[in-house]
Amino acid sequence: MFLKSVGRSVVTAVLAAVALTWLAPCVAGEPLETQDTTPCSIAQIRSGECHTAEAGVGLGDTETTSNDGTGGSDGGGSEDASDPGGGGTAEPTPQEVCAATPGPPSAFCRSLRPVGVAIGQPAPGAPGWSATISDVARFVPSTATVSGEPENIAVVGLPANFLSSAKTETIPGTILGRALTIRFTPVNYAFEYGDGEKRDSSTPGAAWDASGQAQFTPTDTSHVYKEPGTYTVTVTVTYTADIDLGTGWIPINGTLNGPPASQQIRVVKAHTALVQNTCTERPSAPGC
Amino acid sequence: MIGLAGCTPGPAPKPTPTPLFTSEADAFKAAEQVFRDYIETVNSEESDSTADPQRFLAGKALDEDVASVRDLKSSGHRIVGATAISDYRSKSYTPGSKTVTSLACLDVSATRIMDASGNDITSKNRPSIVAVEVSLTLMSTEFKIVGMNASDEPCS
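Chains A and B are the protein sequences, given in the same order. The working numbering numbers the first residue of the first sequence as 1 and each following residue consecutively. The working numbering numbers the first residue of the second sequence as 1 and each following residue consecutively.
Honestly, the hints are just simulated from the structure, not real lab data. None of the values given here were measured: they were computed from a predicted structure. We put the beta carbon where it would ideally sit given N, CA and C, even for glycine. One should not assume that every hint holds.
[Stated by the list, open to error] Distance condition first, Cα-Cα at most 27 Å in a straight line; then the derived DSSO-like pairs of lysine-lysine:
#1 B/LYS98 / A/LYS198
#2 B/LYS29 / B/LYS98
#3 A/LYS198 / B/LYS91
#4 A/LYS269 / A/LYS226
#5 A/LYS226 / B/LYS73
#6 B/LYS29 / B/LYS91
#7 B/LYS29 / B/LYS73
#8 A/LYS226 / A/LYS198
#9 A/LYS269 / B/LYS98
#10 A/LYS198 / B/LYS73
#11 A/LYS167 / A/LYS198
#12 A/LYS198 / A/LYS269
#13 A/LYS226 / B/LYS98
[What the hints assert, rightly or not] If the Cβ cut is set under 10 Å, some of the chain A residues that face chain B in the computed set are:
#14 THR37
#15 GLN44
#16 VAL156
#17 LYS226
[What the hints assert, rightly or not] Cβ-Cβ distance ranges computed for the label pairs, FRET-style:
#18 B/ALA84 / A/SER262: 37 to 45 Å
#19 A/GLU197 / B/GLN33: 19 to 27 Å
#20 B/GLU45 / A/VAL156: 27 to 35 Å
#21 A/VAL156 / B/ARG89: 27 to 35 Å
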């Protein structure tokens with residue numbers, strides 16, 4: 001019994017030491033809160049401290065500085081005015097809203113522009129000259145990579161998070177003798193996880209740390225592997241293209257796929273993992 | 001040694017066997033059962049010190065709960081009296097992330113907050129019904145609560 005228990009502790013310690021290197025952010029402290037919802041624990045709900053931001057008095061995330069488990073006056077949370085409506089002025093058109101929104105376009109915004117096969121439509125506003133999606137194909141971004149976290153290792157049964165580095169790129173080029181700038185905007189990220197499962201995402205994925213989420217939280221791009229082994233994860237990014245001949249951006253009909261980017265992922269079974277807090281505090285944490 | 005022993009995998013809590021879901025309705029049903037079991041376990045904590053509501057939680061929801069339990073412990077406050085589910089509505093199921101979103105209305109009117117000396121310090125402004133948006137994600141074979149957020153939706 002004693003020997004067995006020593007053996008197990010050694011294994012545990014070794015695993016913990018290995019785990020330490022890639023789970024370090026987990027112990028580094030509370031992640032930053034970036035979402036605009038108000039998370040509530042059951043204790044907060046029962047104490048009457050679970051309010052939406054509009055209700056004003058919620059303790060929200062500020063309660064970590066307070067020793068008073070039920071205190072209620074120091075909160076407030078962020079007053080982020082995320083209501084985009086408002087005001088009596090004329091509503092902007094969907095196209096204007098989409099154009100003003102940074103980052104990859106949403107599914108709705110994508111629906112506003114023609115997406116389909118590459119057909120020989122002339123680019124509007126360029127009399128006597130036209131470019132098609134196949135003309136710009138040779139400029140499509142090819143440097144995008146994909147990575148998995150933590151550290152391209154995944155644990156069976158727990159979500160592994162994946163992210164693509166592809167982003168909007170502006171590339172100078174010459175088409176049919178004419179100098180121009182081509183802008184490629186990612187509209188879809190097709191993740192193939194190497195175990196037969198796939199997922200399309202409109203976002204490149206975000207690191208857990210960057211999105212303020214705890215490790216092993218499911219994300220829009222995460223995947224749970226059922227068996228250990230080595231898998232190749234592949235992401236194919238679909239872009240739309242716009243060109244600028246010096247007079248403003250002109251959309252090109254059709255979409256283009258960039259070359260697939262891949263990354264090997266080692267999926268392991270973990271019997272012990274180092275997680276935030278103690279096993280007494282979080283008995284259901286992995287390894288406890 | 002003792003600390004490590006506490007972290008070695010013990011007998012796993014018996015999960016309710018949940019088959020993989022063939023329909024949204026099945027997923028809704030399984031997720032709802034997990035939430036109801038969670039609230040029942042929270043209520044049983046008062047009389048049963050081995051009750052472990054955190055086994056129903058993961059991710060953000062678990063982080064919130066750990067912080068909250070810690071605060072409660074350091075303040076010496078206790079929460080007594082049962083919390084009831086007055087309404088539960090499944091709203092959406094995202095097959096990609098295997099996540100169910102639902103609205104739960106929790107009746108906390110029978111729940112009191114007691115300070116270390118046993119005085120009832122329940123806030124007078126506390127609403128009796130609290131609306132919470134609950135997200136549950138399928139992890140291996142069971143749903144875990146991954147998020148609980150304050151909701152504006154009206155409770156009947």
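Status of each hint after checking the structure:
1. Proximity of B/LYS98 to A/LYS198 is assessed by CA-CA distance (about 13 Å); at most 27 Å being required, the pair is judged to hold.
2. Annotation: proposed proximity of B/LYS29 to B/LYS98 holds, straight-line Cα distance about 14 Å (limit 27 Å).
3. Only pairs whose Cα atoms come within 27 Å are accepted, and A/LYS198 paired with B/LYS91 is accepted, the gap being roughly 25 Å.
4. At roughly 10 Å between alpha-carbon atoms, A/LYS269 and A/LYS226 fall within 27 Å of each other, so this suggested pair holds.
5. Taken as a hint, the A/LYS226 and B/LYS73 pair is broken in the structure, with Cα atoms around 38 Å apart against an allowance of 27 Å.
6. Pair hint B/LYS29 plus B/LYS91 holds up; C-alpha atoms about 12 Å apart against a cutoff of 27 Å.
7. Under the criterion of a C-alpha separation no larger than 27 Å, the hint pairing B/LYS29 with B/LYS73 is inconsistent with the structure, at around 34 Å.
8. Taking the CA atoms of A/LYS226 and A/LYS198, the gap is about 14 Å. The hint holds against a cut of 27 Å.
9. Restraint check for A/LYS269 and B/LYS98: the C-alpha separation of about 21 Å stays at or below 27 Å, so the hint holds.
10. Proximity of A/LYS198 to B/LYS73 is assessed by CA-CA distance (about 44 Å); at most 27 Å being required, the pair is judged violated.
11. With a C-alpha separation of about 21 Å, the suggested pair A/LYS167 and A/LYS198 falls inside the 27 Å cut-off, and the hint holds.
12. Between the alpha carbons of A/LYS198 and A/LYS269 the distance comes to roughly 22 Å, so the proposed pair stays at or under 27 Å and holds.
13. For the hint pairing A/LYS226 with B/LYS98, the CA-to-CA distance comes to about 14 Å; that is within 27 Å, so the pair holds.
14. The interface hint given for A/THR37 holds, since its Cβ lies 4 Å from the closest Cβ of chain B, which is under the 10 Å cut-off.
15. Interface restraint check for A/GLN44: the shortest CB-CB distance to chain B comes to about 6 Å, inside 10 Å, so the restraint holds.
16. This hint holds: A/VAL156 has a C-beta 9 Å from the nearest C-beta of chain B, less than the 10 Å allowed.
17. A hinted interface residue such as A/LYS226 counts as satisfied when its beta carbon comes closer than 10 Å to some beta carbon of chain B; here the least separation is about 8 Å, so the hint holds.
18. A beta carbon spacing of about 51 Å between B/ALA84 and A/SER262 contradicts the range 37 to 45 Å that was offered as a hint.
19. Taking 19 to 27 Å as the suggested C-beta distance range, the pair A/GLU197 and B/GLN33 conforms, at roughly 26 Å.
20. Checking the proposed 27 to 35 Å range against B/GLU45 and A/VAL156 shows it holds: the Cβ atoms sit about 31 Å from each other.
21. Hint check: A/VAL156 to B/ARG89, Cβ distance near 34 Å, so the stated range 27 to 35 Å holds.
The earlier numbered hints that this structure contradicts are 5, 7, 10, 18.
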